[in-house]
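Protein chains: 2
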Amino acid sequence: MKELLNKIKQMNNPTVAGLDPVLSYIPSYILEKAEKEYGKTFKAAAEAILEFNKGLMDALSDIVPAVKPQSAYYEMYGLEGVRAYYETIKYAKEKGFYVIADGKRNDIGSTSDAYATAYLGKTQLFGDQGRAFEPDSLTVNPYLGSDGILPFVKRCEEFDKGIFVLVKTSNPSSGELQDLVVDGEEIYVKVAKLVNQWGESTVNETGYSAVGAVVGATYPEQSKKLRAIMPKTVFLVPGYGAQGGTAKDIAHLFDKDGMGAVVNSSRGIMCAYQKAGAPGEAFCEFARKEAIRMKEDITSAI
Amino acid sequence: MKELLNKIKQMNNPTVAGLDPVLSYIPSYILEKAEKEYGKTFKAAAEAILEFNKGLMDALSDIVPAVKPQSAYYEMYGLEGVRAYYETIKYAKEKGFYVIADGKRNDIGSTSDAYATAYLGKTQLFGDQGRAFEPDSLTVNPYLGSDGILPFVKRCEEFDKGIFVLVKTSNPSSGELQDLVVDGEEIYVKVAKLVNQWGESTVNETGYSAVGAVVGATYPEQSKKLRAIMPKTVFLVPGYGAQGGTAKDIAHLFDKDGMGAVVNSSRGIMCAYQKAGAPGEAFCEFARKEAIRMKEDITSAI
Chain A
5 MKELLNKIKQ MNNPTVAGLD PVLSYIPSYI LEKAEKEYGK TFKAAAEAIL
55 EFNKGLMDAL SDIVPAVKPQ SAYYEMYGLE GVRAYYETIK YAKEKGFYVI
105 ADGKRNDIGS TSDAYATAYL GKTQLFGDQG RAFEPDSLTV NPYLGSDGIL
155 PFVKRCEEFD KGIFVLVKTS NPSSGELQDL VVDGEEIYVK VAKLVNQWGE
205 STVNETGYSA VGAVVGATYP EQSKKLRAIM PKTVFLVPGY GAQGGTAKDI
255 AHLFDKDGMG AVVNSSRGIM CAYQKAGAPG EAFCEFARKE AIRMKEDITS
305 AI
Chain B
5 MKELLNKIKQ MNNPTVAGLD PVLSYIPSYI LEKAEKEYGK TFKAAAEAIL
55 EFNKGLMDAL SDIVPAVKPQ SAYYEMYGLE GVRAYYETIK YAKEKGFYVI
105 ADGKRNDIGS TSDAYATAYL GKTQLFGDQG RAFEPDSLTV NPYLGSDGIL
155 PFVKRCEEFD KGIFVLVKTS NPSSGELQDL VVDGEEIYVK VAKLVNQWGE
205 STVNETGYSA VGAVVGATYP EQSKKLRAIM PKTVFLVPGY GAQGGTAKDI
255 AHLFDKDGMG AVVNSSRGIM CAYQKAGAPG EAFCEFARKE AIRMKEDITS
305 AI
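Sequence lines, in order, name chains A and B.
Take the first sequence: its position 300, counted from the start at 1, is 304 in this note's numbering, and no numbers get skipped.
Take the second sequence: its position 148, counted from the start at 1, is 152 in this note's numbering, and no numbers get skipped.
Because the hints were derived from the structure by calculation, they are not lab data.
One should not assume that every hint holds.
Note: identical chains are not told apart, hence a pair may lie in one copy or across any two.
Derived lysine-lysine pairs resembling BS3-like cross-links, with alpha carbons at most 25 Å apart [claimed, not checked]:
| # | residue 1 | residue 2 |
| --- | --- | --- |
| 1 | K252 | K37 |
| 2 | K47 | K37 |
| 3 | K11 | K197 |
| 4 | K44 | K126 |
| 5 | K158 | K11 |
| 6 | K126 | K40 |
| 7 | K40 | K58 |
All chains, full assembly: derive it from the sequences and hints.
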């Protein structure tokens, strides 16, 4: 998490570009080339996704500190899609991005340990070790309680990695469980307090822990409350832009140094050329423009 | 879900074999062969896993109706591991098993839709369609509420698939969030009522819906209560055997026809040869013996 905060400081830009490559977001010249070469196949989809993602990362690497590939959009293209996920993470690291793997993984202790190995640790291989996937951090779901989270925290400590625990999500129905009130406190507050506990041992000289929280931009009242409860927690904030959250809705999530939160935009950046009615060939230029606009929108509000 | 219930009836065996292939569970002769051919690599691990899984499935296919590969244990071997997951599902279908992909996936609506496509639906490919992974059902996490679950339910209806929603999990810390009491009802009861709602439109002539529930064998008092709340829900029951749940703990989860639940054993079956101190070459024989013992243990208790 220290690396993320450093990059944010260097670039003066607390944002992350979500890489959720639905085929309909990808310029037609890329899709046509892939289809021509590989047919109507998962391989063609994966190649198109990779070309699109690499173009975006090339256009953003000097202004945006982090990327967040969302696993579902790769898994839906099968093995080839997962290969594109792996290659996207690898390319992002080569370009210097901090990489948040958005998988929302969760399970009982022994199985969470396997997920933690897959994304944050090292896999034992016949006496040697290998890294299955190489992101810097992973999003995780807290519904199974501490023993489903602590294996991830252990890897954060051992390999200087991070996690972001779902606390208050950005979607319309997030309140069905998260807003239920127990002894005067909402479930999301209970989870926030657990996040503090889970992260306590990992707080470093930045003042922040390795255990972050996912807090949606779409619920400003709740996120204000969560900021007060979790002063040492980095917030990963989805819901800005396409989902309706504004810079004003999230300004209070930052500390006095403009640190402590990273705001995601996926469609806003990926589809900027479509929104502008520009040709597909200009997707990099428009992604960059939107990333700069977003940076200015957010930094001027905080 | 109808197919699962039919298979359980035909075989008179309400159990599922979990395929969580940690390398230390795999006989050394298989590991040595894979290492010799492919070195200390993910490829070697994947080949060993596949040989082990295929041996288990060959030994069990006439007595056990379903298998449940757990995604984490494959993802930890990277792309090669995910290939082994894909091949395991494919082989299981060829052998006639009902396949429960245990991924505990979850996200906001649009992203849940991508996961639902990946595991239960069909992916759009340049005007054609393809199936990314081909299980019959998927485990999912409810923390994000209805809009994270309904895309899965839609695929259940469209493609005759099923899901199992985490309600009360088998792990020691499951109560930290799941047992919190809201207006006199535990969170797991709230989730159970949502499961009823989500499944209502999918109840068919079996009397059961396509939306199942994960209910741990390790909490018999809670599961008894959940059976009463969810009369039309098939329970996927982890925690039998290695985690401490007994046949007595789960007998009340079945209806008068012995239907309505499927009990998982992973380590118990996979590691039966180790527990007996038998040579690795006998792993199939001991897995089969344990599967038969488990079947008799459970069917005699219900």
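Worksheet item: How do K47 and K37 come out at 25 Å by Cα distance, when the copy is not named: within, between, both, or neither?
Response: within (12 Å within a copy, 31 Å between copies)
Worksheet item: Is it within, between, both, or neither for K158 and K11, if the alpha carbons may be no more than 25 Å apart?
Response: Classified as within; 24 Å inside a copy, 41 Å across copies.
Item to complete: At 25 Å max between alpha carbons, let me know whether K11 reaches K197 within a copy, between copies, both or neither.
Response: neither (27 Å within a copy, 45 Å between copies)
Discussion item. At most 25 Å between alpha carbons: which applies to K44 and K126, within, between, both or neither?
Written reply: Classified as between; 14 Å across copies, 36 Å inside a copy.
Worksheet entry | Copy assignment of K252 with K37, given that the CA separation must stay at most 25 Å | Neither: 42 Å inside a copy, 61 Å across copies.
Fill in: Copy assignment of K40 with K58, given that the CA separation must stay at most 25 Å
within (20 Å within a copy, 37 Å between copies)
Worksheet entry | Copy assignment of K126 with K40, given that the CA separation must stay at most 25 Å | Classified as between: cross-chain Cα gap 22 Å, same-chain 39 Å, threshold 25 Å.
Going down the numbered hints, you'll see the structure goes against 1, 3, while the others check out.
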